[in-house]
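Undergrad: Modelling step: build the complete structure from the supplied sequences, incorporating the hints.
Keeping their order, the protein sequence lines are chains A and B.
Heads up: the first sequence at position 338 corresponds to 338 in my numbering, and the numbers run straight through without jumps.
Heads up: the second sequence at position 76 corresponds to 76 in my numbering, and the numbers run straight through without jumps.
In short, the hints are calculated from the structure, not lab data.
None of these values were measured; they are calculated from a predicted model.
All residues carry an ideal CB built from backbone N, CA and C; glycine is no exception.
Some hints could be false.
Incomplete in silico selection of chain B near chain A, CB under 8 Å [what the hints assert, rightly or not]: (1) Pro158; (2) Glu159; (3) Glu161; (4) Asp220; (5) Leu264; (6) Leu334.
There are 2 protein chains.
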Amino acid sequence: MPTTPGTEPRVEARTADHPSAESGPDARFGRRALLTGGAAGAGIGAVLGIGAALGIPALRDATSGAGAGGSGGSGSTGTNGGDGSDPTVIDAAGFGGESLPCHGAHQAGVMTAPVAHARYVAYTLRPESDRAALARMFRILTGDIEGLTSGRAPLADPEPELAARPSNLTITIGVGPELVRRIDASRVPEWLAPLPAFERDRLDGRHDGGDLLVLLQADDPLPLAHAARMLERDLRSFADVRWSQQGFRQARGAEPNGTTMRNLMGQVDGTINPAPVDEDFASLVWIGSGDDRGDQPTWVHGGSALVLRRIRMQLDTWDMVDRPGREQTIGRTLADGSPLTGGDEHTPVDFEATNANGLPVIPSYAHVRRAHSTDPSERIFRRSTNYDEGGESGLLFACYQRDPLAQFVPIQRRLDELDLLNEWVEHTGSAVFAILPGFTPDTGLGDTLLA
Amino acid sequence: MPTTPGTEPRVEARTADHPSAESGPDARFGRRALLTGGAAGAGIGAVLGIGAALGIPALRDATSGAGAGGSGGSGSTGTNGGDGSDPTVIDAAGFGGESLPCHGAHQAGVMTAPVAHARYVAYTLRPESDRAALARMFRILTGDIEGLTSGRAPLADPEPELAARPSNLTITIGVGPELVRRIDASRVPEWLAPLPAFERDRLDGRHDGGDLLVLLQADDPLPLAHAARMLERDLRSFADVRWSQQGFRQARGAEPNGTTMRNLMGQVDGTINPAPVDEDFASLVWIGSGDDRGDQPTWVHGGSALVLRRIRMQLDTWDMVDRPGREQTIGRTLADGSPLTGGDEHTPVDFEATNANGLPVIPSYAHVRRAHSTDPSERIFRRSTNYDEGGESGLLFACYQRDPLAQFVPIQRRLDELDLLNEWVEHTGSAVFAILPGFTPDTGLGDTLLA
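TA: What follows is the structure, given as structure tokens:
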């Protein structure tokens, strides 16, 4: 990192926004809040009020959370138990200061609004990591997550400046069957195991399974990279990294808020998805809630089941298919994701519609038809990201549910049997984790498992 | 990519912003402009006016280019010959529609304002790629760059929707010595060769050299990934990918505009840097301009010399050094990058200052002292990004100059000899490329080389 020598240093832009050297974390935030949080925050709110009065939704979209949160406080005193999507604004000068509460009935990062960057890091427990060690590990994880997601670096963090602007960082912890077995082998849920094999699986062993999952998500890759490294450092005496996968969506602010992401095949991806505000969301996603059958161990109540599939795209051959052919493969237009049976992106697909020749408009092999179920309990909450590294492109398909065997597996079985899209995708990685229930200032991650 | 089945599709947010299926690229832009560009753009401008009148710089920062550009036109009619940092606004609903002109005396992507994501892709020419083939290749590259950077996908692009929102995408082309030799061996500049070996180099052969460089930069990783793939596809019959490296800075909008980036060691990185508005910028960076000695081949006049070094950071041992030790290693504070001799980030370093014991405040081994030169022509224009993949973290150090042997090499030699930072970094990759001069609607990339 050579510094350009020069007798006249250049001022491209001056900012006095960084924390000062001599003050601790709290003083730092106090000072920043004083400098920028108060007045500027109120200003933004005032101008947003004007924008809203003028009926200009674009402005609300462009500044998003900065207006929605509005409290301007420096702490994360809320919980994510509600819709979990309103960030707390620490600093109005850029969204870097936005943070999401990590406490609540459920962990953050599942039903919080999608952010731009995600990293999944799976660990293999060391042989010596017994119950007592795991209890220590969860205590450390709990403190690290409280610090890193709030912008107050944990005490042992040597680079607090890289943690000070969390950009809606969430850290979500999942466990694999081996971790549960080390605590109590009788409490491993039936579904917490490798998925049943699918005919078309091409798992290469590089992104399968794991004993512990750390899922980091943020709108900025810098605090995410720093947090991932801090956790890796603190986990080192308990577990080794097994694999790591990085995903992305369109950048924060590039599209109007709420725009459904596009995948690297060019498709609008994720349109039909339960929403956290839905009446049946909890019973689909959160274990032990709603009309749950009650046959799951209590330690995972308030948690969820994550299925992560690495889906490699064969984009070179996909590109050779003409546009109508690609649209028929999916059942939706490439332009805006609307069903081939008409309407806009969010219009329901009409599976009965026929064309002038009496043939179905949505072909029998179309992805949307194969993925569709008439059983409303057979639904999943998708939260995928794109990946593109090492000369390989695809989708990190992620979905949350109460029971993968009852929700993801029947969907994937239908796709596995007959989905024209299979010609251009292959599943090369597969993992299932139990997302732990949430925690509060008075409890910790893993408490219910260790109880 | 299973679609969640469900009888009641969910509306998380409705947008009618995507191009319609039946219209071509131009109609698409016309329609989008009609829907969102006009009215919303005016609205943003109006509200920004209010914000500015109230003296709220944060709002201007948060919406940045959307307000600065303001023309709301759908084309990129300007050139990047000026300061090149004001994006043209295509669509006010998010910055995705911003595009930068690719035409000008110099290629875009060098002195254009730093964006969030960068990808360097180096190619090795195929044996059969002779002068005639290279002429075809440059024609294809020229058209692809004009299309992809403006948001109008090239005709052969099967996924125009992934190109429609360029997010300030720039594509910058460099050439290595072998490519020049295939056209005219007598015209290879002396500096267009592997750098002289440095004592502490630890080049592992995975990120060295190359015959052709494609540098893609954008504020959104999605159009960047798509453009990289389109170019790889179109280059396939001429060259094979040799290596690819991805870099990032803080996300667009996370920090106030103009904030100097931080690297993964936590340092403010890149403070002292010539600025495109400086009087001597051109003579430092653009070959054949200012007081250039005139000994460089004319084909590279208007171009520049890029040095790219992959610098791996040993963050685990770096973290073990206490904070004063890390600050003394650099000569600047970690908090805000100000020199240890006082002031703010942009205050000149006082190399003569001594402490109470009569010792220099900036130690003899400090990075800033070793990088500093009293010769003002011995300066470089830095444009680095962070990398963090495959369990490895560091800096993709990039710098532009007229002549690396006269500018980068003396700096790096001083650092190589004595820079305490060497204890925690190692250079594992090294490449030098000649950045071609710019092109206009009437000329093409490589014209001067092929003339």
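Undergrad: Take the hints in turn and mark each one as holding or not.
TA: Tested hints:
1. Pro158: Where the cut-off is 8 Å and the nearest Cβ of chain A is about 4 Å from Pro158(B), the hint holds.
2. Glu159: OK, holds: Glu159(B) within 8 Å of chain A, min 3 Å.
3. Glu161: 5 Å, holds
4. Asp220: It holds, given that the least Cβ distance between Asp220(B) and chain A is near 4 Å, below 8 Å.
5. Leu264: 6 Å, holds
6. Leu334: 6 Å, holds
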